[in-house]
Amino acid sequence: MKIIYTDVLIVGGGLAGLRVATGVRERGHDTVVLTLVPPKRSHSAAAQGGMQASLANSKMGEGDNEDVHFSDTIKGSDWGADQMVARMFTHCAPKAIRELAHWGVPWSRVHRGDHTSIINAKKVTISEKDEAHGLITARDFGGTKKWRTCYTSDGTGHSMLYAMDNKAHEDNVEIHERLEAVSLIHENGRCCGAIARNLMSGELVAYVAKATTIATGGYGRIYSVSTNAIICQGIGQAIALETGVATLGNMEAIQFHPTAIVPVGILTTEGCRGDGGLLLDKDGYRFMPDYEPDKKELASRDVVSRRMTEHMRKGKGVKSRYGDHLWLDITILGREHIEKNLREVKEICENFLGIDPAVDWIPVRPTQHYSMGGIRTKYTGESQTLKGLYSCGEAACWDMHGFNRLGGNSVSETVVSGMLVAEYISDFLDSDESDITIDTKNVEKFLKIEQDKIDTLLSKENGEDAYELRRRMEEIMMEKVGIFRNGDDLQDAVTELEELLKRSKNIEVFRSKSRASNPALENAYRTQKMIKIALTVAYGALLRTESRGAHSREDHPKRDDANWLKRTIMSWGDESDTMPTVSYEEIDISTMELPPGFRGYGKDLTQHHCDTKVRQEVVDKMKEELESKGASRFEIQNELMPFLDKLPKKYRGRNERFGEDI
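In the working numbering, the protein residues as written are -14 to 647.
Read the hints as simulated data drawn from the structure, not as lab findings. Model, not experiment: these values are computed from the prediction. For each residue, glycine too, the CB sits at the ideal point set by N, CA and C. Hints may contain errors.
[Said to hold, decoys possible] Pairs of lysine-lysine, DSBU-like flavour, derived with a Cα cap of 35 angstroms:
(1) 631 <-> 44
(2) 108 <-> 280
(3) 80 <-> 325
(4) 44 <-> -13
(5) 430 <-> 445
(6) 108 <-> 588
(7) 299 <-> 25
(8) 445 <-> 487
(9) 299 <-> 108
(10) -13 <-> 438
(11) 372 <-> 608
(12) 372 <-> 280
(13) 490 <-> 438
(14) 543 <-> 267
(15) 588 <-> 606
(16) 498 <-> 438
(17) 543 <-> 280
(18) 114 <-> 130
(19) 80 <-> 606
(20) 267 <-> 280
(21) 80 <-> 614
(22) 299 <-> 588
[Claimed, not checked] Cβ-Cβ distance ranges computed for the label pairs, FRET-style:
(23) 588 <-> 415: 48 to 56 angstroms
(24) 496 <-> 626: 50 to 58 angstroms
(25) 278 <-> 576: 30 to 38 angstroms
(26) 464 <-> 320: 38 to 46 angstroms
(27) 560 <-> 627: 29 to 37 angstroms
(28) 627 <-> 369: 32 to 40 angstroms
(29) 444 <-> 539: 44 to 52 angstroms
(30) 279 <-> 605: 23 to 31 angstroms
(31) 539 <-> 645: 44 to 52 angstroms
(32) 469 <-> 98: 40 to 48 angstroms
(33) 157 <-> 607: 46 to 54 angstroms
Let the sequences and hints guide you as you build the complete structure.
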């Protein structure tokens, strides 16, 4: 048995994982990163549009600050987010983006003078100040009051990931490529590392660590069409779930992006619409102003996706052999703008559709894109129930997104949460609390369990085909657990997924019985885990009899704060169980800085909680009294919901902006 010891084991080599790795390394702790692919091939590279941070450098960002960013994030979440975490995030985002600039990310910059932009289908002249020349600029994105999304053309994730990978190498972070964590080592409520499988040789290796961090991204590939990379299968969440100790939160919260190209489902960035692109129907008619007259194409993502689907249901979609779609028109932006700021979109259109988006409309429709749910953590990133297990980025339910994520808040979360979690882990490692004592026999026990599972899969005869089970799972999720949901479909989905899970216990590995470099074997053991994740999504959606954010129930159209202002918590008690165990975590209105209200889209169908009015009165009174005394916005915020004491001291300082005395 091969055992590798380290202070911190990080599962996942994308932006979140690398940012944790560099942070703990700079604090003097050894770290090992396990990654399925070389870090620069991680799914983080696919992020196009930008990273949100309230710098307020550009003309259209004037007046922006942490308060506005916080408000946009909470409203975007449909009041499902943890407001303390959202505050920590919005406070640290400007620090993170400036740090990335220092590490080499070539952010697009403000240019002094007059510039033409497309706003609401009209050319508008924007005049940038001389003193802002050369500072990081921003573009418009959905669900925001200000232009806040900082970018590098439309290759933001690519630029950020390359810079982070270079930084990891500079800090001598040890990266083990082509290794997949298949289970967590734990005893007595303490995580002690992971069992990993070498994808090339098939060898199982035990990693023993004082702290283990899962940063494996989302679980979009449980759907048949997704903008996610094929490695985003939810395995990180699954191995946490399979401990029987760690819990998952809000797994039913699935975001569909409005503009994935048809038929392959590759993303075209929200920056297309942020820069002035339009959504058109089969008649070439711009329909979004009819549904959302204020925000139009730049309503929140969940809203735009639903409006597009509604419009296609009315017969306004463009017929094609791949199903109905709508058009994204960016020709209005002009070739120069597209080739400079949307060049990845142009290349995607040329390579996958054979069209020139400077001339042709792009066929698009909503497609699974992001997972708001994940491993439920404290604000420190540590699991609420399994000590020594941490998670950050899309793999986690840190819960700054609630039931809908704003565009640009995702890559921002990866580096901000990674930055913070690295400090919390380092503090943990600097204390006696991190000490572990685990018998080698126990480590060997976990490795043998995984070895036996693989032996069983390879020796099975006349069993189930994992590829068939997985395809059916993907179809069920797409057809019955999609943008619009209803009780009958969800019940059917849960029933059939449970049956698929039972059948998955009888999987046979077809085509090849090799232990090394065998995709069929990998698919076999992953499919078993993916079906469990799919069940947590479908079952959580079935039980949540309301509509909140991206979770839209046609049979329960109201947002029901009175009964459902709570997080769904999933656990898996025993390996033999065929269904997850469900509990709920109440969201306390009495501690909110921004009490629940109307998001501003469509009709207000909210069923309010009785505590909302009480808390709003308290907040209003506190603000009025403090403002009369001349208190600053910082002082008012601190009285409403103190959070700075939760942050590492190095990140507590205020953020500088033009025209604001800090």
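**Message:** Of the numbered hints stated earlier in the document, which are not met by this structure?
**Reply:** When the structure is compared with the hints, numbers 4, 7, 11, 12, 27, 28 turn out to be violated.
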